[in-house]
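There are 2 protein chains.
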Amino acid sequence: MGRDLVERLPERPDFAGLLDALAYDADGLVTVVAQDAANGEVLMVAHANREALELSAATGQMHYYSRSRKKLWRKGEESGHTQRLLSLHFDCDGDAVVAQVEQVAGACHLGYRSCFAYRWDPAGGYVQAGRKVFDPQTKYGRA
Amino acid sequence: MGRDLVERLPERPDFAGLLDALAYDADGLVTVVAQDAANGEVLMVAHANREALELSAATGQMHYYSRSRKKLWRKGEESGHTQRLLSLHFDCDGDAVVAQVEQVAGACHLGYRSCFAYRWDPAGGYVQAGRKVFDPQTKYGRA
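If you read the protein sequences in the order shown, they are chains A and B. Taking this note's numbering, the leading residue of the first sequence gets 1, the next gets one more, and so forth. Taking this note's numbering, the leading residue of the second sequence gets 1, the next gets one more, and so forth.
The shape of chain A in the complex, shown without the other chains:
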């Protein structure tokens, strides 16, 4: 099996052929980057197993696999903040995926549009830079 995804892909892969060629880790997971299709903002980084990718493609709603809870979940199943899948983009070694999505409200359980709400740069240092889009206490009953 080649190191690069293209070496493992059939000539005209269908979705199952693509999933066959991925480089899952020891737990059967790949890394997923959810990106806002409207403006390119990275919303969250999570993981998916083959079943989560299959369900995402079949339903058009992003599914992930939680490493801490050891279970499959549909994004927004609790909060209603679902992600509609527009396209998947696989990387050269086949262990990571960018999902272009339409995000309802916000991706972060703390109420931010993106989970990447904590910014640092060489000139300005640290700043809390997240855009709050909902009140997490009304959605999840926690601060």
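Check the hints yourself; a few may be wrong.
A pair counts as met if it fits within one copy or between any two copies, since identical chains are not told apart.
Unchecked claim - The calculated EDC-like cross-link candidates involving lysine to aspartate or glutamate, where the alpha carbons are at most 20 Å apart (straight line), are:
1. K139 to E77
2. K132 to E102
3. K70 to D25
4. K132 to D4
5. K132 to D93
6. K132 to E41
7. K132 to E7
8. K70 to E102
Hints are computed from structural coordinates only; laboratory data are not their basis. Because the structure is a prediction, the values reported are computed rather than measured.
Knowing the structure of chain A, use the given hints to seat chain B on it.
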């Protein structure tokens, strides 16, 4: 130690304080998403340990930790396709970082601007969608 990064951050964190608060995995790593600061394109997903983040911040050039080679590396040290760091964005649980970068030539060792060159969507299926920006044979001596 709280589950959320903000619960572990000091009130006005410097860079060391930020790095102290991250949720490194068992190998001391966090996931890094390198994003083209000019157009938001996700260029690659890799990993960094604390030292790689420190070196990235200190030199302004992205450094990573290779899980397969078990060593620190500077992006572009072989190819010249370096990444200048503009800002880092940490996520809510502190185990992933988005790095906004200026990418020289292309991020992918296969000659593409982005490693995420293999696209699938529900309507169109699979298409090789990468933008070739250099000839990998002249850069790395491989096809």
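The hints, checked one at a time:
{"no.": "1", "hint": "K139 to E77", "result": "within (12 Å within a copy, 46 Å between copies)"}
{"no.": "2", "hint": "K132 to E102", "result": "within (17 Å within a copy, 28 Å between copies)"}
{"no.": "3", "hint": "K70 to D25", "result": "both (15 Å within a copy, 16 Å between copies)"}
{"no.": "4", "hint": "K132 to D4", "result": "between (39 Å within a copy, 16 Å between copies)"}
{"no.": "5", "hint": "K132 to D93", "result": "between (35 Å within a copy, 16 Å between copies)"}
{"no.": "6", "hint": "K132 to E41", "result": "within (14 Å within a copy, 23 Å between copies)"}
{"no.": "7", "hint": "K132 to E7", "result": "between (43 Å within a copy, 17 Å between copies)"}
{"no.": "8", "hint": "K70 to E102", "result": "neither (26 Å within a copy, 37 Å between copies)"}
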